[in-house]
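Model the placement of chains U and C on the given structure of chain P, informed by the hints.
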Amino acid sequence: MESYKLIAENITVYYNNVKSIKNVTMKFKTNTVTSLIGPSGCGKTSFLRCLNRMHDMNKKVRVTGKVIIDGSNLYLDTVNPILHRRKVGMVFQKPNPFPTMSIYDNVIAGLRLNGIKDKKILDDAVQTSLKLAYLWDEVNDNLKQPAIELSGGQQQRLCIARALAIKPEIIIMDEPSSALDPVSTQKIEETIMNLKKTLTIIIVTHNMQQAIRISDYTAFMYLGKLIEFDETKKLFTSPNHQLTAKYVKGFFG
Amino acid sequence: MYKNFRANLISDNTFKIIITVSAIYILIIVSLLITKLFFESYPIWHANGLSFIVNSDWNTIEGRESFGALPYILGTMITSAIAMAIAIPFSIGIAMFVSYTPQKLHVFLNFIIDLLASIPSIIYGLWGLIIFRPIFIKSVEIPIHDMLGKHVWLFSGIPMGLDIITASIVLSIMIIPTISSVSREIIKSVPIQQQEAAFMLGATEWEIFKLAIFPYSKAGLVGASILGLGRAVGETMAITMLIGNATGNFALPKSLFQAGQTMSSIIANEFIEAPPLSLHLSALIGIGLILLLFAICINIIAHILVIRMLKVQEGSINT
Amino acid sequence: MIQKNEYEKQFYKNIRCRLIINKIINICVILAVVFALIPLGSIIFEVFKNGITAISIEFLTEVPGAIGAKNGGIGPAIQGTLLIILFSSLIGIPIGLFSGIFLYEFHDRKLARIIRFVNDVFMELPTIIIGIFTFLVIVLTLGYFTILAGSFALSLIMIPIISKTTEESLKMVPMAYKEAGTALGLQNWIISIKIIMVTAKKGILNGILLSVARISGETAPLIMTTLGSSQFFHSFNSPIDSLPLRIWRFSLLPYDEAQTYGWGSALVLIFIIIMISIIIRYAFNTRLFKIKT
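Chains as they are written, first to last, in my numbering: chain P, 1 to 253; chain U, 1 to 319; chain C, 1 to 293.
No lab work stands behind these hints: they were computed from the structure.
Be aware that a few hints might be false.
[To be verified] What follows is a set of in silico ranges between Cβ atoms, one per label pair, in the way DEER data are often shown:
#, chain 1, residue 1, chain 2, residue 2, range
1, C, Ile24, P, Lys119, 27 to 37 Å
2, U, Pro215, P, Asn73, 27 to 37 Å
3, P, Met193, C, Lys202, 36 to 46 Å
4, C, Ile24, U, Phe38, 44 to 54 Å
Just so we're clear, the structure is a prediction, and the values are computed from it rather than from any experiment.
Note that CB positions come from ideal geometry on N, CA and C, so glycine has one too.
Only chain P is shown next, with the shape it has when bound in the complex (with noise of 0.2 Å):
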């Protein structure tokens, strides 16, 4: 029996009561990178928000189904989703650094949130995590600049530190690269190549080459259904459903 991290099981979203996500049913192996793709406003990204319960903030969504990280389900009402956010880190699409904090401060902001004052491990949690999302280098001398004076790939990778400063198990990222240029796409890349040695990546991209570069294993979605969910290689050169070959051939979407 192989260990899954993460498995999330029937998964349904409603928006304003209307089905946008139906049934979906996806395990995700231990330290693995798993790459989400489909056509604009197939629901990956609804997907994807649904695993640290990420709609907890939008009162318009109403998620049904079962979220199991570690054998515990995320969507029990006795679960504090809190204690389970943790584990899961999240970069966005747009880079969304605080403006006002600096680097330094952006980086721990969630440890400091979860009251760790000790400087020696704050710097040791700041050096770290830079230097796991390929940030380290280009700004270790200048740690108290504000976030936002970098620039937009380099706030992105500030973004993926802070994420990886609280230690998650798993990083869940939306489209992280999709607003770069390709320079830092590349840096991206090798972070989350980097990353897979410890911890399990789920990635949505719009960008096919993208996830056949980086990813163990891909899932197609279309219209809120995953349609096809294979090894990378598998689901790109011989799919089993007649949609996914259409769509990796370019066809649509």
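What follows is chains U and C alone, placed relative to chain P:
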């Protein structure tokens, strides 16, 4: 056909002239207002100089006239300060609540805030005088006065409800809608991405406010509060009805349970009684001028803070 | 590098405390809302409860009786308030609208920037100062208290509100509408403005309503411009009564009847404010601002 065309052209220009004149009208009125207040209060500045601001005598009997604005300036400052101290936490609480809650309650609360804002000041005054005052005397003023009146100067005086604290509390109720509706707009303008970032890090609702909303909207929230201060400083009727209307040295604020007077209330009380061209009228206009300067300063600061905040939200964070 | 375990230990040590703080703050927020609602509920309840007992035909139509008497009414006050609202709207609405259009149309000119700033500050000025100003400019010049002075003062309160909301709602109109006007070759500037105005109608209307509601209850400037009276309006050169002034007079009297009359007047005032908003809404929805084609 041609006729029509020409008629249109003319009316176009006429219209341009009309709107320009209307706009300039505002400019003229405001400059006229400031100069008029200055010149009509000139006698008192001429007679007393700047000591008008630091004196506290107030004698309107002809021949023995002496006027000082200090008690009223202090009265305005103290009532506004107390009102702000009460209103700010409540307003920010309301604004936070509105930003958290589900849609339906949200709409209802907005309606309530707008309703509160549209109740005339005179009705607040009437309510304060007839309903609030007796309850407040019985359940707050007398017990506190009995317990602490002899020892703490703040609570000395006679607890009769026509005093600084009653006026300040009613004033705070009146400015809550102003502060909370502007704060609500400010909080709404914080980009959702910021809140998501905090949420992702496992922040509780309060921590989201602390981490993502507050740093981003600090200036705007201060601006909203200062806007409320502007209202408090200019508020007239409710205060006039509740503050007890002392004059001269009696109006120097010494305790919370003591009759006082603010700049606006002394004007409301005495303006009509003052004979035209008298020093008394000039003194009242002088107080009006001081009040005007207060209000202008406060509003310019509030304006700059709020506008800047709401502008940032339109552009990206980087601007 | 900190061990993950150590971090987790810290996390679980602190999480309970964090959740409790959050809960406390949430409770405080809810309490703040509830406490703020109490005065509102009380005000509305008392105005209705006490006001309704005062209302009668006599109360609504008669002139006030002798001080402390059990007869008499607030007829002149109602009439005065309605007239003042009418006259100040006649001055205030056009000027407010036109200056709002000016601010929108010439938005980046220096003059417009100055006026916009002055307008914003003007909007929040204490109304009693506008009263003093009107007294000095009109009452002293004419030599008598008059409804015209009161209306002028109140129009000065309306103008900045209307001007601001007009500009804001015109700005909200999507660019496409404006471009459509140009594309149609509507050189006639007035027509293109009319088209934009129709689209922005709701916001403009709201601004007007807001300003009318605001002035209906305004008291301070009336003290020194219309003074108050116990007679119906009969000429432009004599004082006139209004509801807010009447409420104030009642509140100064120590008799129970006066209090009841005060509540009655307050109820009528609130009723008028609500009615005006309904009437204006209706009027604007049907006739004005429709383009004649």
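Evaluation of the provided hints:
1. Our hint of 27 to 37 Å for C:Ile24 and P:Lys119 holds, since their Cβ atoms are close to 29 Å apart.
2. About 35 Å separates the C-beta atoms of U:Pro215 and P:Asn73, a value consistent with the hinted range of 27 to 37 Å.
3. Checked against the hint of 36 to 46 Å, the pair P:Met193 and C:Lys202 fails, with Cβ atoms roughly 54 Å apart.
4. At roughly 52 Å, the beta carbons of C:Ile24 and U:Phe38 sit within the given window of 44 to 54 Å.
Consistency note: the structure conflicts with earlier hint 3 alone.
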